[in-house]
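Could you put the whole structure together from the sequences, leaning on the hints where they help?
Sequences listed follow chains S and R, in order. Heads up: the first sequence is residues -1 to 500, going by our numbering. Heads up: the second sequence is residues 0 to 332, going by our numbering.
Hints are computed from structural coordinates only; laboratory data are not their basis. As the structure is a computational prediction, the values presented were derived from the model and not from experiment. No incorrect hints appear here.
Facing chain R, a subset of chain S residues (Cβ under 8 Å, in silico):
{"id": "1", "residue": "A84"}
{"id": "2", "residue": "L113"}
{"id": "3", "residue": "T117"}
Just a few of them, taken from the derived set where beta-carbon distance is under 8 Å, the chain R residues facing chain S:
{"id": "4", "residue": "G199"}
{"id": "5", "residue": "G207"}
{"id": "6", "residue": "S208"}
{"id": "7", "residue": "I217"}
Virtual Cβ for every residue (Gly too), placed ideally from N, Cα, C.
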Amino acid sequence: MPADVSKRNEESFVHMQGVTKHYGGVVALDGVDIDIMPGEAVCLAGENGSGKSTLIKILAGVEQPTSGSLKIGQNTQSPLDPRTSAAAGVMVIYQDFSLFPNLTVAENIAFASELGNGTRLASKSRNLQLAKAALQKIDVDIPVHARVESLPVAHKQLVAICRALASNARLIIMDEPTTALTEREVTSLLGIIRRLKEDGIAVLFVSHKLAEVLEVCETVLVLRNGKLVAEGPAGDFDAASLTRHMTGRDVPQTPPSAMSEAATDLLKVNGLHKKGAFKDINFTLRGGEVLGISGLLGSGRTSLAKALFGLVRPDSGSVTLSGTPVRLGDPLAATQAGIGYVPEDRLTEGLFLTQSIVRNVAVGRLDAHANKGILNLTSLTAEATEWLKRLTVKAPDVEAAVKSLSGGNQQRVALARWLSRAPQVLILNGPSVGVDVGSKSDIHTIIRELAEQGIGIIVISDDLPELLSVSHRILVMKNGQLVDEIASGTVDERELTHRLAS
Amino acid sequence: MKSVFNKQFWTRNETLVAVVIILFCLIASASDPRFLSATTLTDLLRASIVLGIFAIGAMLVLISGGIDVSFTAIAVFAMYVATVLTLGTIPSLPWYLIFTLSILIGAALGALNGLFIARFGLPTLIVTLGTLSLFRGFLLTFVGSERISKLPPGMRDFSRSMLARGTTESGNFYALPLAFAALVFVVVLTWFILHKTMLGRSIFAIGGSEESARRIGINVRATQFFVYVYVGALAGLAGIIHGSLGRMADPFSLVGLELSVIAAVVLGGARLTGGYGTVSGTLLGVALIVLVQNSLIVIGIPSTWQSVAIGLLILIGTGLPAWQAKRAAEQAA
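This is the structure in structure tokens:
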């Protein structure tokens, strides 16, 4: 379709041709051609390391392509720098939103635009005006005087979108926009994207969790190892085909294997109650069972998980493990009883980021390898290395800092630490948050294998396909209470979404 | 002050500090009726000039996400060098030119801090700990270590200029030196910069998130550089005022005061993690520290208890809001 191509070229907002980027000897992008039309929503899918971030950086003017041409708006700017890119209307909303937690919503929205205008004096009334106009454009109501730190995640994202709008965005690039959102928030985000498109603003979603945004997109682009491996109308793709293109292999979605009838009760939770967080929680986890817990953000699911591990002290109730009571509100007691907890935010709560991979695993086993206070480093390191191998952590060097690993590998390191302690119960909060599709499926396999060895596993997640594929039972939490129990295989994703939201 | 019934209002440091100040004054005037007098007031205001200018500077650094402990060394360096230079060249220089000289020296030393911090990206505490020692050592080794009590006449003239003076009904003298106007000027100027200019808003933004500031195009380096130069200039001003009011250029003075200053700022609600701080809070913090340092004796507590009182105030005054915030976060989780 040569005629079609040339027409796109003329009218497109972004026209990228043969863009290649080398970092030293590594090819991050390899001859990529991309067109984005005004008002078009495009999905850019790819696993970690596929070249997505490099592409964003080139569009934002942070990095210059090694070769190839790039046109944004009317002029062929070269080389593009962050200022010219922003002036042309390219706005990137990073995964962390890059907001100022200490400033008000109004000021956050107006800041970039005021800087762009070159004004020297700050004006609260102008900030308010800009902020209200931007909020009105997407028809949302957020208190403009509130400090951003006090907002929930979904609102922070909206503030970031408004900031882009206030700076006259023509193309909004959203990096992993749905990772931190619940299903309902994703739905409302999609509504806002539709409005933006009506105003002629193009949107580029960059993510490895794209099935959710597929319905508002016209075009899908898939990157793998720096190459554009698939391109076409969004209607031609579904979750499975996206995954296939991204990973280059089929990732099967298998339901969990049936539990053995002989499984005994392992963890008993009785009348657990904490004011303002959760109330009257009763459930039993059997050995070898994977129990899913889901609920919207704020339903108390994270508090409950923390309470089981002793990080939050419940007001009343009891937890027993194989008949023995576990002291509440004491993570050390929980650990000694054989409960492990892998937190949702492994970056701030779970791992020592600047410490080496092997140390991050070994730290869980210091007692076992100490003799009268003297550590046997050889056996400690050997054991940790063995666990890393078992969980196939891909790292060139076990002495490298954990932060150098991809999300999936980091999660494996966090798992390895707990597994080396041979826990009886493992609580996984958001086990695949920020993990790419291939690694996610590997982590699910690990969860299944662990359950087959008789470990009781609690998976807390709002990734419904994940819950459906690993858990034997799913408990639904709402306003701090368990409101529903669903057995594996009896519902599909749509039904589960409905029961969560209702 | 949106509403007195607002829950946030009562958990703010500023409110807490204000309440403590009022309580202190009530107890003090109950145990000594002479406490509430123009004499006490001007004495306290006088004592808060140098501390106040320092605190405003320290607050600016805290808001930008850094910490500066070198400002007392800058102050004493600028004051002493300006005095020695004036005496050695034109002793009859009017006070405002001597002040300008001291401010410029302070700004230059601040620029050195700024160079290390903004240009080379070194940690602020380490840089300023280094320069604190460096400036002080340089002063004592190469410039002089003698106390100079024969100041240039200009400085003496300044110390005699008063904004207000008189005698109370009970026959006590009171006097508010001109130097107090310098504090007022610094307060107004800093408030204007912080709240009415993009530069000031950028200082808040950098304190909130340096990475985000860089991403939206704030010139982080230039802003940080400005902060340290400005704080240096304020230190130069505070130093020369200290020398003039005390009628002595003492190279051993001031250094050691930096922690009290930072304590005052933190009591006023600025956070060591950056991004938060108000001029009003800082002034309240200064007022409380000055009260404790000067009037503890009035309410019957021996002055040796000063440090204990200040320590308790910091622990309770900043610990309580922090503990409340932590509890609120736990509830929300």
